[in-house]
Amino acid sequence: MAVLDIRDLSVSYATPRGPLKALRNVSMTIPEKKITGIVGESGCGKSTLISSIIRLMAPNAKVGSGEVRFKGENLLARSENEMRALRGTEISMVFQDPMQTHNPVLTVGRQMIDIQYRDKLSKAEKRKRAAGMLALVGIPDPEARLNQYPFEFSGGMRQRIAIAMALMAKPSLLIADEPTTALDATLEVQIIKRLRELQDEIGCSILFISHHLGVIAELCDEVVVMYAGEVVESGTVRDVFHNPAHPYTRALLECDPGHIKVRTRNLPTIPGNIPDLVNLPSGCIFAERCDKRHDACAARPAMGTASPGHHAACHLIAERVTA
Amino acid sequence: MSALLEIRDVFVRFKLRGGVFSSAGTIDAVSGVSLDIEEGKTYGIVGESGSGKTTLARAVAGLHHASEGSILYRGQELVDLPEAEFRKLRREIVMMFQDPIGSLSPRLTIKSLITEPFRIQGMSDRDLDAEAKRLLTMVGLPPEFAARYPYQISGGQARRVGVARALALDPKLLIADEPTAGLDVSIQGEMLNLLARLQDELGLAIMIITHNLNVVRHITDKVGIMYLGKLVEEGPTEEVFARPQHPYTLALLAANPEPDPDAQLMRVELQGEPPSILRRPKGCEFHTRCPFVQPRCSTDVPAWSSHGAVAHRCHFPEIWAQEDAATT
Amino acid sequence: MTDTAVSLPKPRSELGEIFHHLVRDPLGLAGLIIVTLIVASALFAPWIAPYDPIEMNIPDRLQGPNLAHLMGTDQLGRDTFSRVIWGGRVALQVALPTIAGAIAIGLVLGMIAGYGPKWLDNLIVLFFDTVRSFPTVMFALAVVALVGPSLNTVILVIMVTSIPTYGRVVRTLTQSLKEAEFITAEKSLGASTARIMGIHIVPNVLGPLAVLAAMDIPTVVGLEAGLSFLGMGVKPPTPSWGSLLNDGYSLIRNTPWLIVAGGIPLILTTLGFTFLGEALRDVVDPKLRGKGGK
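Chains Y, F and C are the protein sequences, given in the same order. Going by my numbering, the first residue of the first sequence is number 4, and it counts up by one from there. Going by my numbering, the first residue of the second sequence is number 1088, and it counts up by one from there. Going by my numbering, the first residue of the third sequence is number 27, and it counts up by one from there.
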């Protein structure tokens, strides 16, 4: 069963030029006890998607259609109070910038005890739990470090603390928004490995947003590829990365510098820009930049099945099946 | 033939601001770096935050003062060169900054921005409209961009404006600080291809500063790896990538996994966090995180040794090389 | 996250852009209309005012509003409406040079403090703090007592006491701009300090200063009115909102209209310029323009 089931979600922002359609008919399922990656470049709608799930949207955002079902219940229909009860307990978040997610004037211990305000435990017990969580995310000497302030920790350590705090309430779903982007690569791999181990231990689902294909490949079970506000491909990491069915996914993989082994002075790119989300093209969203563009692309493609569990929104799939 | 730029034993030292009770000390952000950049060649400096790579670049560009050592540009000493003298060299030594939009003066149009070098260097008698058009075309932007403001263009386009601006006066040396920072994967290549093309066309030398080894892999001739203000390995790019000698280089390479879930990871996993530059470890700076650390590493500073054309500062390159051979 | 570069409206000039966004903001539009009315009436006072503001007409003294005198007359039979219109002229004659002078001096001192060496910064900040520590009205009263009341004295006193307001803002902005990457980029191209200040710092400081100035105009107008009310500002018979208030105050048992006539333009000026300032604040920063729910 899926922890999170997003169906046909469309979100737009009111702008002076007209509605900017940031998400259009987005559907995806986040399976239980798995790590699902969302990959996409700027303007693909990742941030809008996360803010819609946790219902912390910009004031000019408007949900046009769709449902966000968490354990079977539509979050978009919940009251603000019910949402607040859910955030930090059932659904937790880790953000991109570890330097700004903590209150600078309180000790880490105090903050970790404070977020357990819902639990009826003694302060000493809460403190013990906090120390245990710090140890779990790989912070040495956790008892002593609880008395330190955020500025006394490095960026990598702070991100570990953020993860510890997010996992404190044993959430069913952890949303991690580019949690390692601000960190050095050698620290990034340490945190990725830890996250993988923690997921096994705690058994939660993780929605991991990243633009770094190598990290997605290493960490995730499933992957959803987004482009300009639409889901263009989804499936297991192995299916999607080994047999990309959508030309965008394929082009993106080819562009990844980790992919290019032979020395070249002419690196692959995807020419062009993402389309204007206020004045959308009528057909396939990627058609303008696609090297496989043909007549059918003037119509918007439906999500097709490339193989069981592997879907892509491209006319080529339907044509391959019928051919 | 001597190199275009010769950096010898350069230290860049910053004063620490002392508190009420503590006395102010100093830290060496760059601690004894030597390297040569040949005319028309590309040199990549790779390091993570705190490695001193940007400080080194800014010292070469005359934006930081080198406390010790020598920076020779075509035989002319840049260290302690008065600003009035340095200004003449700023036609030949130019820099591109990390933040593509933030490094453009926000209230100026793109045309004013890319023709500013002419005005600064007293060449405003040139036809600035024609120059703007030439430069925009050179970096692959439509001429209409001249009328726009920095906040009206994307990060990738702002990068191109940065290149146009840097190359306005036909420089000899371009210092590019994180030229692909903040760019999407699909256009990172465009930027690197542009730099490679312009280098071929204009014959300029490029010093690329980056934290990402993959960025320098394809367009640099030589690469130097920095850790805590020092170079730990240096050599021709292809050889360093094929046979890294220093464990830190190997760790950096392994930290950029390829997008293949079944890839056999040759993972060199580092321990803990990079040490603070305030408490520089004794012996080999890297020993606190090195997975192959030996007792000697915490006491003796490794000297440079060579393996083919690659030079490194590691006491025991052979030890981890054997382990590496065993795991693959 | 939204890519602003995908398609753009035709580029407008900076001022055109500000005006375009200003009139789309209800607050900005209201402020703009009120301010335009005040400025226009001051500018065209000789044509708008039906009577000579200082011409006495004792038989018609202390009238209420009627068709001949829209706002009635004062104790000397002068037409109150004409005095309000001419009083606006005096108010702006004080406010505009005062603020222009304070901005000019504040800009120069603030930039020197923000960009220059530490000792100069300390010296200038000390000057700001010293000036600031005098209560404006007390300072004004002392100067007026020394050299006698006149329009120029009022202008000079208010200008000097306003310098720190602008200087401090410019200093703080300059300090943060100094560290901005585009300033380092300019240095790397060899730009001189004068060029960096004039071309790259001034334009980025002027926007916030314009906001501050718009908000400050009512304060200055109020100060002028206050000093005139105390008999320390504009000399009679020159019409001023402050002297209108003063007359109205002493004659409140005879007629309420004078005090109303002196108060309403003050309130309108305050509202108009404050609205304009508030709206400008959102508009002068190009990056904030067109974002948010407006």
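The hints are simulated quantities; they were obtained by calculation from the structure and are not laboratory data. Warning: the hint list may mix true and false statements.
Stated by the list, open to error - Rough simulated footprint, nothing fancy, chain F against chain C, three-plus residues with beta-carbon under 8 Å: (1) 45-52; (2) 93-100; (3) 134-147.
Unchecked claim - Reference listing, derived: stretches of chain F covered by chain Y, where coverage requires no fewer than 3 residues with Cβ under 8 Å from a Cβ of chain Y: (4) 1295-1307; (5) 1337-1348.
Even for Gly, the Cβ is constructed at its ideal location relative to N, Cα and C.
Going down the list of hints, with the structure as the test:
For a cut-off of 8 Å, the count of residues in the region 45-52 of chain C with a CB near a CB of chain F stands at 0, and the three-residue condition is violated. Counting residues of the region 93-100 of chain C whose beta-carbon sits less than 8 Å from any beta-carbon of chain F gives 0, not enough to reach three: the coverage restraint is violated. Coverage of a stretch by a chain is defined here by at least three residues with a beta carbon nearer than 8 Å to that chain's beta carbons; for the region 134-147 of chain C and chain F the count is 0, and the condition is violated. Only residues whose beta carbon comes within less than 8 Å of a beta carbon in chain Y count, and the region 1295-1307 of chain F has 7; three or more means the coverage holds.
Judged by the Cβ-Cβ criterion of 8 Å, the region 1337-1348 of chain F is covered by chain Y as claimed, because 10 of its residues qualify and three suffice.
In this structure, the hints that do not hold are numbers 1, 2 and 3, in rising order.
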